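Protein chains in written order, with this note's numbering: chain Y, 953 to 1353; chain D, 49 to 540.
Mixed in with the good hints there might be a few duds.
[Said to hold, decoys possible] If you want the footprint, here are the derived chain D segments under chain Y, 3+ residues with CB under 8 Å:
1) 166-177
2) 203-212
3) 416-430
4) 529-535
[What the hints assert, rightly or not] Only some residues are given here: those of chain Y computed to face chain D with a beta carbon under 8 Å:
5) Asp1085
6) Tyr1087
7) Ile1093
8) Pro1096
9) Ala1217
10) Ala1289
11) Asp1291
12) Gly1325
13) Lys1346
14) Gln1352
15) Arg1353
Worth flagging that the hints you see were computed from the coordinates, not collected in a lab.
Everything numeric in this text was worked out from a predicted model, so none of it was measured.
Positions of the beta carbon are idealized from the N, C-alpha and C atoms, including for glycine.
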Amino acid sequence: MNSEAATYPGMSAPPSAVVPVKSVAAALPWFCYAVVFGAVCIPLGVLWDISWHSTIGRDTFWTPAHMLIYLGGAMPGMVCGWLVLKTTFAGTVEERERAVRIWGFRGPLGAWIIIWGSLAMLTSAPFDNWWHDAYGLDVRILSPPHTVLALGMYGVAVGAWVLIASWRNRVSGLAERHSVWLFVLLGGVLITMLNIFMTEFSLPNDQHNGTFYRVSCRAYPIYLAIIARAAQMRWAATKAALVFMGIVATMAWILPLFPATPKLAPIYNPVTHMVPPAFPLLLVFPALAVDAVMLLEKRLRPRWWRDWTLAVAIGLAFSAVFFAVQWNFSKVLVSAAADNWLLIGERHFGYGAGVGEWRHRFWGLDNDSLRWGSVGIALLASVLSARLGLWLGKGLKAVQR
Amino acid sequence: MKHFFQIWRRFSAGLLVFLLAAAAIPSQAHVGTQNIVFEGLAGPYPLRVMIKPPVVVPGLAQVTIRRLSDEVTGVSVLPMRWDVGRKGAPPPEDAVPVKGDDTLFTAQLWLMDSGAYSVLVNAKGSRGEHALIVPVNSVATQRLGLPKWFGAMLGVLGLLLVGLLATIAGSAVRESSLPAGMLPDRRRKVRGVVASLVFGLILAGGLVFGRAWWTSEENRYLNRVLYKPEPLDVRNVSGRLLLELDPAGEGQRDRTPLIPDHGKLMHLFMVRSGTMDAVAHLHPVRIEGGKKFACALPPLPEGKYELFADITQESGFAQTLVGTVLISPDDASARYVATDPDDAFRAVALGDPLGIGLSQGRRLRRIDSVAIRVDQPAALRFQVVDAEDRAVELEPYLGMFGHAFILKEDSTVFSHLHPQGNVSMGAGLAFTRRELGDQAAHKLMEEVCSPLGADHVLTFPYAFPQAGIYRMWVQVRVAGQVETAAFQIKVE
């Protein structure tokens, strides 16, 4: 691969003077595929692990779901550790000049973020172990050590995103096409991780209360806006949303094929097969709206108000479609009619969830029903979230190292 | 359900939690121990079961079963929460024989919820499969401190993560968007430093939220999860003892009605503080319905008394509530009339090696005074002999041939014992009736009062939870009279 290094040998210049030159490449280096593979393993492993805990309950350090998560955290971390050492001590001039410096070492920015993510995941292990000894085994899913673990997982996935973006921004040809698709794939992976993180607020029974819409409108537009702006592919947000839905739906359809029974008491719901996740949010529809709005990007003059205009349009479009789709689709999901392999219905409830009519009701309507105040907050949040996403997307489009 | 962003703000950068350091704090458990020792029959097979419940919930209970009959070839165990029983239990766990001791089996069981549990012990042998049930409380009793070395390690790792991330942010702004080979200019370098500082400040804010989050989790654990006996209000009103359970209504949330434990709703033990030379075993009766109990105070020597009130709930959850009361000389009433015919009291000194003297020349003596070690089930054996050293036949007292209670010298451990162990028999009956039926419960009641051997030796199985000096009071009924004797026991 040719390098643009020769174009700027040791030159110092203001950002405005920088015009990156793309080089033609037939393929991405192997470590790009390795870190993407690792990032994909993480949500798959987490979904599998949640199913394991909902079905069997008892686990060990060595369950296959845990192995998948460790693989997703450790493997990219080791690969990137190697990459940094190689670049620092045995890298070519081109490789060293294509790296960022941290504490005397050199490596791609994405690799550093991945290393940070792996370190955070590693740190969470003894912390979580002490937490179990002090307060009981996973009394709450959202605990400080689990948060460190989750931040580490995000670190790995975001680092892979940045690494792929840096290659996509400086190569052309087949390698560029690969990197664009990998970028979209990672966008779907990150949306999946976010969705898993918000499971407690996003079950079908929550989808008529205010919290669900306020939280969702803060969280999803940022990712969709980043992808729509930075992927440099048409309908990229829609494709990433399809990746998210595909991951969750595939797990939801495959896991229940495997027989399993609870090994912990009390069992309020005697499940006989692996418990699936709930049917995914229909994020593809609001993502389509976001992509449609982004078609306007090139028609607007690149002034300071352009991104604010786009953010308002994305926020409104996302919210309107998201509300309309989820409000109505959730009525189907909580009904008895959804109790089938395709829509999952109430099959996502684990062994510890009592059987009863409560599963077919919307929750939180007494004190958290959807009111105009919540709608207003959700709209504002989606606009600000989209604006932040556009800003970060701009940054990802510019990353070179 | 909590608001996502409220939670996110609290934990988004909770790394300062690493920097928290706390000294190890000893637990103040259910008067020192939740461990259970139970000796009974699974059909024809005699077994001794010891259960060490987890100190936090969910957690692992350690179960050891000693077969007291060669006929037993295998044992399995099953945890059952009181409200779902066997229907809501997982498949049983096979207990594994201990290497080098083929009479001992061990297993681990997960107790996932707080509250009343029981363990169904199923023994297999030449006479088929038979079960017995052992009640056990599942409660958090431990407050674990953060060891200094561990806190320091987490602190170093946390600082490394914060420092690295802030540096990455600075590098990203400084040079990540520069084409290869181009050096950052001064403006970029300044922006990089500013980015590091700003990101570092954001992370520092996150650390503050993280610390607050950890503190709130710790407080929630201390206030809502860590087991504390329900408060007991005790008053001495002119020689009449008035007790009220949980007077402020702040106790257990999933309380179920009280049930009798060998015929009494409450067993109240009184021990004179410090000297431990006067004791009473009373049975207050419920007054005004609900949570108030009362009984006449026996004519005990004046002083401060420590109170231990055993109660059992319908669920099988058994508690020992604690309190104190002052007895003045004026309270010693010549007109004392026991509230319950089974009430007993005595100013009692320690027994000598030959045993303490009872009425009519009889003596109660401890036999087989072998060394007792912490956490190892020991069979404490006693015998009443007459002046000619012949074994005296015992009569049933409160439905069995003997009772005992144990108090550590520093009052940190108290247990009420029966020949079956330290379980609440009321809880045992409740669980047995629910899971194995009325016939099995009836059989258990018969077994509790089955005749002693020809030597009339009374055995109390127990596992002492801490090393130290204990005082043990043994109560028996001989010739229609309840007798109390005191012994000192050293635990290594």
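Structure-based check of each hint:
{"no.": "1", "hint": "166-177", "result": "violated (count 0)"}
{"no.": "2", "hint": "203-212", "result": "holds (count 5)"}
{"no.": "3", "hint": "416-430", "result": "violated (count 0)"}
{"no.": "4", "hint": "529-535", "result": "violated (count 0)"}
{"no.": "5", "hint": "Asp1085", "result": "holds (6 Å)"}
{"no.": "6", "hint": "Tyr1087", "result": "holds (5 Å)"}
{"no.": "7", "hint": "Ile1093", "result": "violated (11 Å)"}
{"no.": "8", "hint": "Pro1096", "result": "holds (4 Å)"}
{"no.": "9", "hint": "Ala1217", "result": "holds (5 Å)"}
{"no.": "10", "hint": "Ala1289", "result": "violated (26 Å)"}
{"no.": "11", "hint": "Asp1291", "result": "violated (22 Å)"}
{"no.": "12", "hint": "Gly1325", "result": "violated (14 Å)"}
{"no.": "13", "hint": "Lys1346", "result": "violated (10 Å)"}
{"no.": "14", "hint": "Gln1352", "result": "holds (5 Å)"}
{"no.": "15", "hint": "Arg1353", "result": "holds (5 Å)"}
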